[in-house]
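Those protein sequences? They're chains A and B, same order as listed. The numbering of the first sequence is my numbering, which starts it at 1 and goes up by one. The numbering of the second sequence is my numbering, which starts it at 254 and goes up by one.
Hint data in this document are derived by calculation from the structure and do not stem from the laboratory. Wrong hints could be hidden among the right ones.
[What the hints assert, rightly or not] Derived Cβ-Cβ restraints for the label pairs, each shown as a range:
1) A:R125 <-> B:R479: 32 to 38 Å
2) A:K87 <-> B:A341: 43 to 49 Å
3) A:E248 <-> B:E486: 43 to 49 Å
4) A:E123 <-> B:N320: 44 to 50 Å
5) A:G33 <-> B:N320: 28 to 34 Å
6) B:P343 <-> A:S150: 56 to 62 Å
[To be verified] Partner residues are not named here, just some residues of chain B that face chain A (Cβ under 10 Å, in silico):
7) G345
8) T400
9) K451
10) R479
11) F480
Think of the CB as a built atom: it goes at the ideal place given N, C-alpha and C, for glycine as much as any other residue.
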Amino acid sequence: MAGMNIELADTRPAAPEDILPLMVEGLAFEAGGKQILNRLDFRLEGESQSFIIGPNGAGKSVLLRLCHGLLQPTAGKVVWATTAEAKPSKQQAMVFQRPVLLRRSVRANVEYALIVRGFRGPERRRRVTLALEETGLADLAEQPARVLSSGEQQRLALARVWALHPRVLFLDEPTAHLDPSSTRMVEEIITRIFQSGTKIIMTSHDMGQVQRLADEILFLHGGRLIEQTSVDRFFSQPKTREGKLFVEGNLLW
Amino acid sequence: MSDLALSFHVALELIIGLDADLVEIVLLSLRITLTALLIAVIVGLPLGAVIGVFRFPGRAAVTVLFNALMGLPPVVVGLLVYLLLSRAGPLGDYGILYTPTAMVVAQSILVIPIITALTRQTIADLHVEYQEQLQSLGAGPLRMVPTLLWDGRFSLLTAVLAGFGRASAEVGAVIIVGGNINHATRVMTTTIALETSKGNLALALGLGLVLIGIVVAINGLVLLTRFVAARVEG
Numbered sequence: 001m002a003g004m005n006i007e008l009a010d011t012r013p014a015a016p017e018d019i020l021p022l023m024v025e026g027l028a029f030e031a032g033g034k035q036i037l038n039r040l041d042f043r044l045e046g047e048s049q050s051f052i053i054g055p056n057g058a059g060k061s062v063l064l065r066l067c068h069g070l071l072q073p074t075a076g077k078v079v080w081a082t083t084a085e086a087k088p089s090k091q092q093a094m095v096f097q098r099p100v101l102l103r104r105s106v107r108a109n110v111e112y113a114l115i116v117r118g119f120r121g122p123e124r125r126r127r128v129t130l131a132l133e134e135t136g137l138a139d140l141a142e143q144p145a146r147v148l149s150s151g152e153q154q155r156l157a158l159a160r161v162w163a164l165h166p167r168v169l170f171l172d173e174p175t176a177h178l179d180p181s182s183t184r185m186v187e188e189i190i191t192r193i194f195q196s197g198t199k200i201i202m203t204s205h206d207m208g209q210v211q212r213l214a215d216e217i218l219f220l221h222g223g224r225l226i227e228q229t230s231v232d233r234f235f236s237q238p239k240t241r242e243g244k245l246f247v248e249g250n251l252l253w
Numbered sequence: 254m255s256d257l258a259l260s261f262h263v264a265l266e267l268i269i270g271l272d273a274d275l276v277e278i279v280l281l282s283l284r285i286t287l288t289a290l291l292i293a294v295i296v297g298l299p300l301g302a303v304i305g306v307f308r309f310p311g312r313a314a315v316t317v318l319f320n321a322l323m324g325l326p327p328v329v330v331g332l333l334v335y336l337l338l339s340r341a342g343p344l345g346d347y348g349i350l351y352t353p354t355a356m357v358v359a360q361s362i363l364v365i366p367i368i369t370a371l372t373r374q375t376i377a378d379l380h381v382e383y384q385e386q387l388q389s390l391g392a393g394p395l396r397m398v399p400t401l402l403w404d405g406r407f408s409l410l411t412a413v414l415a416g417f418g419r420a421s422a423e424v425g426a427v428i429i430v431g432g433n434i435n436h437a438t439r440v441m442t443t444t445i446a447l448e449t450s451k452g453n454l455a456l457a458l459g460l461g462l463v464l465i466g467i468v469v470a471i472n473g474l475v476l477l478t479r480f481v482a483a484r485v486e487g
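From just these sequences and the hints, can you work out the full model?
Printed below as a string of structure tokens:
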């Protein structure tokens, strides 16, 4: 597997300037008169797995979508280290809680993502084959994607983004609907994607998972960033009262 | 044997014996309807998909318009096409009134709104489901149109078959612009209307049976499509 990862890293198109670190400045989002996110400021470095955690309604998913560009902030901005020439939007991908798979074969789903980003010919075929092998879906390549189990569907969603070798991968509770063994496989794949040089920005409600994967924690509560700290520190000695209550499972509102 | 039973018996003989007149009429009907359907598919699928995907001012009004046009009375369409194509009309110089071409034009006008409206509905629903994911992958609205058309293929086939059903069963428009001329513009529905009024029930019944057969076959196809779709899409 390690050999594969090196091969993946080698095939990344001549690396332009890095789009990371990511700077988020005074970010706010309002919907239907409700303040979802309130003036967030933080910086994400390029070489870590950053986990956004917090109770339901904290604004985690909205934050991911704002950073990824699926939503436009009502105030503030998301600033990538390089801009226009490096095309930050082409160096990111996202995996959703419930993946939307095209009504086509497993292989065609991975191909589609590559086609949209302009990959062609042998390079495209190579990436498809590799991504399916890495996610253990090679044998299911010709199956209709929609008949896969939910675990397999999420692995296909990961194969689809892995084939793109994004610099940044957003994941919105990718294992929320999965059984333990599927969760395990998905976590392993995320780790390998990370090891191949992709920045991971992920939300999760599974504190075991957070401790297994995360390097740093962004703790969100009520639309505010309460603290940003290393994972060890957050779980052993959180800086804030809210953080402490959350870790203990006592943060009720 | 009663008149009705006799007519029915002769009708079956016409069908089984592939009566030349009957076959000619059935084939012309299919040719006209399928040509109109092809035109309506070429116009209606992309048009419906674009309305379903793109956000533009007046989108709701366009949607209402096409939904309303689905219910266009065929005789009114026949009248309008007649006015367009008649000697004094703006397109009179082409001399296509009372030809199968005029009938294709009229049927296209009837079927385009059906396929457009049903396509818009299907694609708009799919768009809700796919939008975020496709945008994340980097697909703009223009790229989404063919993507959603392909992913909605089974539902869209139902829309196309609905259009075919409408066109093949329609009589008001084609009788006005076609003129129901023997060996030239007589199709199943217009022949049934004419022969019934003349009292030639056998040919009318024979054509009626063929028409019903076609409609049943179409509905069978719709059902089969759903079955296949369920297998393929899970």
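*Is it true that the C-beta distance of R125 (chain A) to R479 (chain B) lies inside 32 to 38 Å, as the hint says?*
At 34 Å between Cβs, range holds.
*Status of the F480 (chain B) interface restraint (C-beta, 10 Å, chain A)*: At about 14 Å, which exceeds the 10 Å cut-off, the nearest Cβ of chain A leaves the hint on F480 (chain B) violated.
_CB-CB spacing for S150 (chain A) and P343 (chain B) relative to the 56 to 62 Å hint_ = Holds, since P343 (chain B) and S150 (chain A) (Cβ atoms, about 59 Å apart) stay within the stated range.
*Mind checking the CB of R479 (chain B) against every CB in chain A and telling me if the closest is under 10 Å?*
14 Å, violated
_Evaluation of the interface hint that places G345 (chain B) against chain A, nearest CB under 10 Å_ = With a minimum Cβ separation of about 48 Å from chain A (threshold 10 Å), the hint on G345 (chain B) is violated.
_Given the hint of 43 to 49 Å, is the C-beta distance from K87 (chain A) to A341 (chain B) inside that range or not?_
60 Å, violated
*Is the shortest C-beta separation between T400 (chain B) and chain A less than 10 Å?*
7 Å, holds
*Report holds or violated for the interface hint on K451 (chain B), using the least CB-CB distance to chain A and a cut-off of 10 Å.*
51 Å, violated
*For the pair G33 (chain A) and N320 (chain B), does the Cβ-Cβ distance stay inside 28 to 34 Å?*
The hint (28 to 34 Å, Cβ to Cβ) holds, given that G33 (chain A) and N320 (chain B) are roughly 32 Å apart.
*For the pair E248 (chain A) and E486 (chain B), does the Cβ-Cβ distance stay inside 43 to 49 Å?*
45 Å, holds
*E123 (chain A) paired with N320 (chain B), Cβ distance criterion 44 to 50 Å*: Between E123 (chain A) and N320 (chain B), where Cβ atoms are some 46 Å apart, the hint holds.
Hints 2, 7, 9, 10 and 11 from the earlier list are contradicted by this structure; the remaining hints agree with it.
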